[in-house]
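Residue numbers (my numbering), protein chains in the order written: chain H, -14 to 243; chain A, -14 to 243.
Treat the hints with care, since some could be wrong.
When chains are identical, the list treats them as one kind, so a pair holds in a single copy or across two.
[To be verified] Straight-line C-alpha distance at most 25 Å; calculated SDA-like pairs for lysine to any residue:
{"no.": "1", "residue 1": "K119", "residue 2": "P57"}
{"no.": "2", "residue 1": "K67", "residue 2": "P218"}
{"no.": "3", "residue 1": "K(-10)", "residue 2": "T216"}
{"no.": "4", "residue 1": "K211", "residue 2": "R96"}
{"no.": "5", "residue 1": "K67", "residue 2": "G39"}
{"no.": "6", "residue 1": "K119", "residue 2": "E76"}
{"no.": "7", "residue 1": "K119", "residue 2": "P69"}
If you are wondering where the hints come from, they were derived from the structure by calculation, not from laboratory data.
Residues per chain are reported as follows:
There are 2 protein chains.
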Amino acid sequence: MRNLKLTICYDGTDFHGWQRQPGLPSVQEALESAFEQITGERPNATASGRTDAGVHALGQVVNLYSASRLRPDVLLRGINAKLPRSVRVLEAEDVPQAFHATLDARSKRYRYVIDNAPIPDPFRRRYCWHVGYKLDEARMHRAAQALRGRHDFRSFETEWPNRTSSVRTIFEIEARRDGSVVLIEVEADGFLYNMVRSITGTLVLIGGGRPPEAFAAEALAAQSRKDAGPTAPPQGLFLQYVRYDRTPAPIPLDEEGR
Amino acid sequence: MRNLKLTICYDGTDFHGWQRQPGLPSVQEALESAFEQITGERPNATASGRTDAGVHALGQVVNLYSASRLRPDVLLRGINAKLPRSVRVLEAEDVPQAFHATLDARSKRYRYVIDNAPIPDPFRRRYCWHVGYKLDEARMHRAAQALRGRHDFRSFETEWPNRTSSVRTIFEIEARRDGSVVLIEVEADGFLYNMVRSITGTLVLIGGGRPPEAFAAEALAAQSRKDAGPTAPPQGLFLQYVRYDRTPAPIPLDEEGR
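Using the sequences and the accompanying hints, generate a full structural model.
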């Protein structure tokens, strides 16, 4: 059996998330079904992590084992021919037997897209959250820096207590404006359930000007979900990429050297 | 009765075009229904021109008569609150009684968007035509210049003979690349049925390298739809804007002074 690594993108609008669920459309089901139509094998695809219903991916990474002898580029074209147009395989390559898309991931980067125009753009409605009042992205960016580094992020986790730890490391977090769009990007060694969406909800409150910039730091310190902002809706969230470098990205220090 | 001019944008994906049709969703029906919910009046909205099923608009212009005394900005917000998210009113203003969105239009500009990446982008699939082989946009642009000026465009009209003339004036036509996207833009004093889509189908043939650049000029001269290229699909087409200037745009001459 060979171990295949697939990099895929998908429009999450019409899926109930990555993970296979009986009777519901999922990206995993779509991918495994397309693979089966090409190879005759029903694989079990392992992703870097689940994405929720309505969440998109620009560079999700998946691995699966197969006895197929088709070349990776032939598999890529074949699978793409069978997939719905909302999912595409971008890259396919053979990787060592031990490679595991979930366990070997060193960092993942998510992007949250906010349409900050007064009138929401119909063409972006499936791919952003519309916030009609003007956001102060510089304020959001400064506030967000309190979340960098290694912390217990249970204040930004929807289902706490979870089975394991809520400690994660954010390598980079930024908020910036591109015209009428405000982008929030977070790169971390892992993410809790709804973590980026609750960070976004918190930063949008701060960007609206009411709570002080310290609200993000205070929410983190409170160790309680109710002390942070609301959970932003799923359709603005994109999994950008997953890194499998042997050496994880360094943890940047902020100005105070924390 | 006041005469209101509305500039609207819409994602045409879920509509059977601009024009009201019994039992089918249309942009006109959506707009008139939203207006009625705000004012209690059922207007008859007149657009600069129909757009077909699946075609989008960034700046369609509509006028309608109303006895409502609401301020234009209040009407705009009210209508937007009632419209489906796929349609937005961008501007609302009072105009002279005589203003007619169709008859007074001096020029309209359409954009056709082609996704020219090897692997089609799932996020663009509702808003472009995917052409998987590399297009030569410079060749397309040069070939397109033969269509500039005043001509009988029946070779690029789906339903000829029509009731009136097939003579139109193209003020500007261009093909250009923006990364993996190839854009075709056409500004004219009016458009025949499927004109931009059949011009696009013709230019894409030329961009693929098989017919000579002169194929566009020959198709125009042939005065027969079967001598031009195929009709490109609707989802790549956007009505960009409509001009109502008193003085129409000058007709550019090509190098030969035609």
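Hint check:
1. K119 <-> P57: between (47 Å within a copy, 22 Å between copies)
2. K67 <-> P218: Cα proximity of K67 and P218: across copies only (21 Å, versus 30 Å in one copy).
3. K(-10) <-> T216: neither (32 Å within a copy, 39 Å between copies)
4. K211 <-> R96: Within one copy only: 23 Å inside a chain, 48 Å across chains, cut-off 25 Å.
5. K67 <-> G39: both (22 Å within a copy, 24 Å between copies)
6. K119 <-> E76: Between copies only: 19 Å across chains, 39 Å inside a chain, cut-off 25 Å.
7. K119 <-> P69: Close across copies (23 Å), not inside one copy (37 Å); limit 25 Å.
In summary, the one numbered hint that this structure violates is 3.
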